[in-house]
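Make a model of the complete structure from these sequences and hints.
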Amino acid sequence: MTDLPLIGDYSTPTTELSGARIGVVTFPGTLDDRDAARGVRMAGGEAVALWHADEDLQGVDAVVIPGGFSYGDYLRAGAIARFAPMMDRIIDAANSDAKLPVLGICNGFQILTEAHLLPGSMVKNDHLKFICRDQILRVENNTTAWTNQFAAGQEISIPLKNQDGQYVADEKVLDELEAEGRVVFRYVGWNPNGSRRDIAGISNAAGNVVGLMPHPEHAVEAGYGPDHTGTDGLGFFTSVLTQLVGGTK
Amino acid sequence: MSAEVAEKEFNIDTVDNAAASPDVELPWAELGLKQNEFEEIVKILGRRPTAAELAMYSVMWSEHCSYKSTKNHLRQFGQKVTEEMKKDLMVGIGENAGVTDLGDGWAVTFKIESHNSPSFVEPYQGAATGIGGIVRDIISMGARPVAVMDPLRFGAIDHPDSQRVVHGVVSGIGGYGNSLGLPNIGGETVFDPIYQGNPLVNALAVGTLRHEDLRLANASGVGNKVVLFGARTGGDGIGGASVLASESFDDTKPSKRPAVQVGDPFAEKVLIECCLELFKNSLVEGIQDLGAAGISCATSELASNGEGGMRVELTDVLLRDPTLTPGEILMSESQERMMAVVTPENVAAFEAVMAKWNVEYSWLGEVTDDDRLIITWNGEVIVDVDPKTVAHDGPVYDRPYARPEWQDALQADTFRGSVNAAILPSTGDELKAAVLELIASPNMCSKNWITDQYDRYVGGNTALSSPDDAGVVRVDEESGLGVAIATDANGRYTYLDPYAGAQLALAESYRNVATSGAVPAAVSDCLNYGSPEDSDVMWQLAEGIRGLSDACMELGVPVTGGNVSLYNQTGDKAIHPTPVVATLGKFDDVARRTPSGWRPDADGQAIYLLGETYDELDGSEFANLRGHLGGLPPKVDLAKERLLGELLINASRDGMIDAAHDLSEGGLAAALNEMVLRYGVGARVALDDLCERDGIDAFTALFSESQARAVVAVPRSEEVRFNDMVGARGYAVTRLGVVDAESGALEVQGQFTATIDELREAHEGTLPKYFG
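Protein chains in written order, with the numbering used here: chain S, 320 to 568; chain E, 301 to 1072.
To be clear, the hints were calculated from the coordinates, so they are not data collected in a lab.
Treat the hints with care, as some may be off.
Stated by the list, open to error - Per label pair, the in silico range of CB-to-CB distance:
no., chain 1, residue 1, chain 2, residue 2, range
1, E, 463, S, 443, 18 to 28 Å
2, S, 546, E, 493, 35 to 45 Å
3, S, 546, E, 334, 42 to 52 Å
4, E, 888, S, 548, 14 to 24 Å
5, S, 564, E, 888, 56 to 66 Å
By construction, the Cβ of each residue, glycine as well, lies at the ideal position given by its N, Cα and C atoms.
Here you go:
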């Protein structure tokens, strides 16, 4: 594992990372696309805007599906966005031999479950309210494309903000996720939405597709993250950039 | 039902018909017009109005749209302005929102509005569409909305109806604002039985733009096209227009529900992005949002602010309900709609942007070379008016006002003269109990239960947000250029002294902005009062406007826009006059903002109190806890506020302070508690020097609400420099104690020690206890 690059210090290994191109998808109703693009840039990558209605992945090396309320989430979170032409391309690329790294954040996680890239689903928070807070997570799997720069068991603090954040799946699926090490993040201290087994994020079997409810892109810059200091979210973006240039794993 | 069928059902009242049938009875009284107002309309037109014209005039000449009771007083905001105050003002009062220059080619626009009455009738949608409406005002200036804030007033916390109103309003604000991707960066929440049937739901939005993107609401350029885009027009928010059902032959049409508009935040989010793309490509000449009075307002304002007239075909409006009559279409307040003026060359490009964002639109007409606003229905003229008479020449009233007879008795009833004076806390244990009681009280308790339901992170530019003194947002990521905003009002102060109370609202929001480190630059106000037809209330209003405009002049901050909300009363019982004042401040670099509490690494820093403390408990939160309201509010000293502001801004700029919190409601007791709880770091303070210098006891030191005060944390290395600066300006300062990261408590030496757990339990338990 390489050292975590510091903000503003891109000497090594990030001189190579700057060549990596990360797509950020925008649907009607997407809210955190600019934040996700900032996270990519802060980590040293190049952010590429992808429009939901287009069919061209523009040769990106990885994709972030950011948070928001795609199509208003009036039907079921992510249910309509999943049918966008861009999603077809992302599904194909994620399942291909090239194993395109895909990160779904909040509404992006919901879209990935609707697209069956990830199992389970999100329902309304058990307390029935929208909740915005600084949330502590434990990194349960640091071998995925998006977590390889964290230490196993590391606790990180990033913002959580959602209405439909309660992760549910049947017991068999949950047992499988646990057994295969695909529970990537767990809530620590307090389960903010009633998610089964305190699950905050999961991955697919290959580890290239990761979804989570909390928002790493809101914790990439000192002054604007949790308590205005936290930058724990940066590790998601440096992880994928590091993997893309063959820095680790 | 097809449009064809609908057509046949209307008895269209054309201009020709109106001219030929002067004696037809019209329901002007039911539409809220007074007889003299109706006669004025007949005089302007030289004939009776058509049903559609009557609908337009009635809604545009309403108190809400015409400011007819306050216009004569509001003028002071435009008159009491110096050249210096105008220096950075790009757009002043009268447009959708004021615009202030930020430097580096950036500008900022902000405005606060009320959505009080709808939020009582239907709390969720009322509050939601309050956000929607103010955000569209910001978009129409050519700006990208970047944040919202919500000052709220509810009835008693334990009143059964507060469950309905509080849950509805908070989830409405969250449900709409969160879906727009706008961080909610602050506001305030007050509970008082005086607002029981009249909760106040004010909404503020702020937006940023490059100078060249500034857009105004005017229709110019003969032959330019007029387009309506966004959501379809439905029967929501029509209100009084239903009495125009005489336009219809039968009553089998869908009912005109709901009277409160229903919001669709997804449609608004798409509209924001779509408008910003229009601005970026310079595809619109003029733009106006549709809010109160819908198409009536948009067409008459666009036409009267431009150079020519406008001709519009009303059957081209896309409808959700095809049975709507022309009058109803003109009055509908359906949300998420915009009207724009587009040159013929840009029509195709405009349509391409609509197609990209899947936004519906319809071309309604064009700008003409005469000065008339002509609206047709299938080619037949149903409105033919001078748009200025609709939009700007409404009635103006000099409502009688007089100082209420009861005002003297109210001001003579001081807290110290009341029965409460005999049982004030004085021992350490009593003071501790009083502090815990104060910080747990509905007004002083933590509002996290509310603000945690709002997204404060989206956009990645929020540098400070509730519970800090001001919300701070970065505008330019390269330079760190940014803005701070705080909203404040104290209805009890304003009830005791309407002139001083309005000034105190400004003083506090100004102080909050300066405490965060920003330079106050502009003001927007939302004046919430009772009925202007009551001479007592009208006096409160006249005094409030006079007080606020005088204070703005003295502090050098211009009012750039706002809103007046009247008739906030049930029967004869008016709310406390509540002038909510929003002050906007500028930062060259938001990195130097000052948070409202000290962090663990501030251990050992010195805690100072700036300003003097007098025996000022009348109207205070402590008096409120004891059920007392009388006397005079704290003294206003704007020269001191200005000086304090300069000290706080300089201290922030030069890195002399690491934390600052203004003193306002709840006084020093509330401020120390909030600073300790901000990051959970304790402090040791002593009140002896303060009490000796100001001639007060410990109780007064903790609970007085004297103005022009702030608590700051100063690193040891900066103490000499800080004291030199404050001393050179002759400002009162006293060292209270030190930050203590080890103690886990707030210790008031010689009086009491309260652990952080005790403080937190008291402060944060209240709202969850009532609202779950």
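Hints, one by one, checked against the model:
no.: 1; hint: 463/E to 443/S: 18 to 28 Å; verdict: 20 Å, holds
no.: 2; hint: 546/S to 493/E: 35 to 45 Å; verdict: 37 Å, holds
no.: 3; hint: 546/S to 334/E: 42 to 52 Å; verdict: 57 Å, violated
no.: 4; hint: 888/E to 548/S: 14 to 24 Å; verdict: 21 Å, holds
no.: 5; hint: 564/S to 888/E: 56 to 66 Å; verdict: 38 Å, violated
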